[in-house]
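Student: Order-wise, the sequence lines are chains A and B. Following UniProt numbering, the numbering of the first sequence begins with 1 at its first residue and continues without gaps. Following UniProt numbering, the numbering of the second sequence begins with 1 at its first residue and continues without gaps.
Each hint should be verified, as a subset may be incorrect.
Derived coverage of chain A by chain B (criterion: at least 3 residues anywhere in the stretch with Cβ under 8 Å from a Cβ of chain B; other residues may be distant) [claimed, not checked]:
1) 3-9
2) 14-23
3) 273-279
Calculated directly from the structure, the hints in this document are not laboratory data. All of these numbers come straight from a predicted model, not from anything done at the bench. For every residue, glycine included, the Cβ atom is placed at its ideal position computed from N, Cα and C.
Now for the letters of each chain:
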Amino acid sequence: MNELELVGRLRDEVPQRPDVRAEEQRLLAVIRGGAPSGRLAAVRPARSVRHLGWGLALAGAGLAAGTVAVLQAGGTGEPGNRPAVAGPQAARPRGAAVVLEKAALIAASTQVPAIRPDQWVYQKETQHFPDGDLPTFEHWSRVDGKQDAIREEGRELKVGKAEQGPMNPAKTQRDIDALPTDPDDLLAHFRGEAGADAWKAVCGLECPPGTEADAKAFGKIGWYLKYAPIIPPEKTAAMYRALAKIPRVAIEENTMDGDGRRGIGVVLDLGTSEKTYYILDSGDYHYLGMKAVSGDGTIAMSVLNSGVVDKPGQVP
Amino acid sequence: MTPPRPAAPDGIDDAAVIARSRHDPEQFAALFARHAPAIKRYVIRRLGQDPAEDIVAETFTLAFQRRDSYDPAYGDARPWLYGITTNLMRRHRRQEIGMYRALSRTGVDPVVEPFTNEVHRRLAADGERRRLAAALAGLSRPHRDALLLVTWGELSYEQAALALGVPSGTVRSRVSRARAKLRRVLGGIDQAGENEGKIG
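Next up, chain A with everything else stripped away, as it sits in the complex:
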C-alpha cells in the first residue's frame, strides 16, 4: 500500500454523507433573506439540533428532508388480554415493561393499510425550541421515494425531487423490511449498527461513555416509529418491546407534548442534564411526538396529523 492509499484510508470512518440539515437551514435562512450575511450562527437552533442528533427540526426547511408519516398503530386496538411481562425485567422500573408490552400487543393487532408506490405519506409537524418556534410544516413524501413536497405555515406548496440520502422514504422502508422481528435481535441490531448512523442517537455525538449503544437504539426506534412509511404490525410490536429492554428507559404517565397534548412519556435518562421523551397516545399508543428537556429548556416536535393521500397538497 502506498502513502496515498494510506491517506485515503485514514479517517475513512467518517460517514460518507454526514447530516447537513443544520447547514441547509442556515443557507435557506440567508437565501430567504432571513439572516444577515455576517453572523450566521444567530439564526438557527443548531446547537440544540446537533446536540439532539435529530434532523427533525430541520425538515421544515424544505428540499432535502424526506420526512414520512407514521401509519403504525393507527387503529383503536383493544388492549384485550392482560399482557404477560416476560423476560429478565425484574431490575427494571416496572412501568416501562408493562406499558410498552401493552403498546406492543395493540400494535401487533393493528391493521396496517396497503399503500401504492404512487401514493404519498403525509405528516404535519410542529417544532418548538427554547428560543422560539420554527414554522409548523406539512410534508408529503411519495412512497416510491422519487418526489417529496413541503408546505410551511403560510407558504405555498413546493413539490420537488426527493432527497436520496438517509431520509429517503424508500430507503427507510427498505431498512424496515430488513429489520428482525424478534425484539432481542432488533435491539441488538440497533445497538450494534455501524457508526454512520451515529446521528440518530438521542445524544448525537455527545453521549456519556458507555451509553452510546442505548442512545443509538432509543434514537433509532423513535426515528423509525416516526419516519417509516409502513411498519408491519409485528415489527412495531418488536420496537416497543425493544424499547422496554433498553436500560434507563422509564415511563412517565401523563406527559405533555410540545403542543399541549397529554400522553404516555417513554423517557430515556442517560444521567446527563437532558432527558429525551417519546410521547405515545394513551389510547392506542401511536406516536405523538418527542421532546428533550434540559436546563436550557425544552425542544419538542409533535406530529399533529399523518396518513396516506393520493396527491401532494391533500390532507387525510
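With the hints as your guide, set chain B onto chain A.
Tutor: This is chain B only, laid out in the frame that chain A set:
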C-alpha cells in the same frame, strides 16, 4: 470508496443551477444538496465534527452571495466550493495539526472517535496510522491542502489548482513533495519510487 455523486437532475450541471439561482435564489439549494455532504465529510476529516457545521454553512452562504461571479464555463462547481472551504479552514490550522498530533501521540483519533465503536477504537492504535498522522502534522499548509484536496477531496490536479488559485503544475509538485515527506516519515513501507507518478 465513495458512493456515486447524485446525478444532476435532468442533466443540469452546476453552472446551470447557479445561473438559475440568479433569478430564482432558492434554486441554489440544489447545489447544496449535491455537494454539501461530501464537503462536510472533507471538513470533518480534516478538522473534526466541531467546526464543520460552521464551515459548511459559511461555504455555501459565501458561494450564494458570490454566485453572480461564478464562471459558467465551469460545469462542475466543486473546485469553486472547495476553494472557499479551504480558505475558511485556514483559521483552524492549529486545531487540525493538534488532532493529527493527538492521533500520533495516543493512537486515538479524536476525529473518528465519535463515529467508531469500542472494537474499532482498540484497533485504531496501529503504528502506521500514528506515523502517518505525524507526517501530516509536519507538512506545510500548501502541501497539506494540495495533498488532501486530491485525496480526501477527490479533486483532480486541475480542479485542485482551480480551488487553490495556482497553476496545476504547482499542485502536482506540492503533492509530489508531500508524498515524498510522507514516505520518509512512514519509513520504508513504500519501495523507493515504486508508486511515484502512478496516481494523478
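Student: Each hint needs a verdict: does it hold in this structure or not?
Tutor: Status of the hints after comparison with the structure:
{"no.": "1", "hint": "3-9", "in the structure": "holds (count 5)"}
{"no.": "2", "hint": "14-23", "in the structure": "holds (count 8)"}
{"no.": "3", "hint": "273-279", "in the structure": "violated (count 0)"}
Hint violations for this structure: number 3 only, all remaining hints satisfied.
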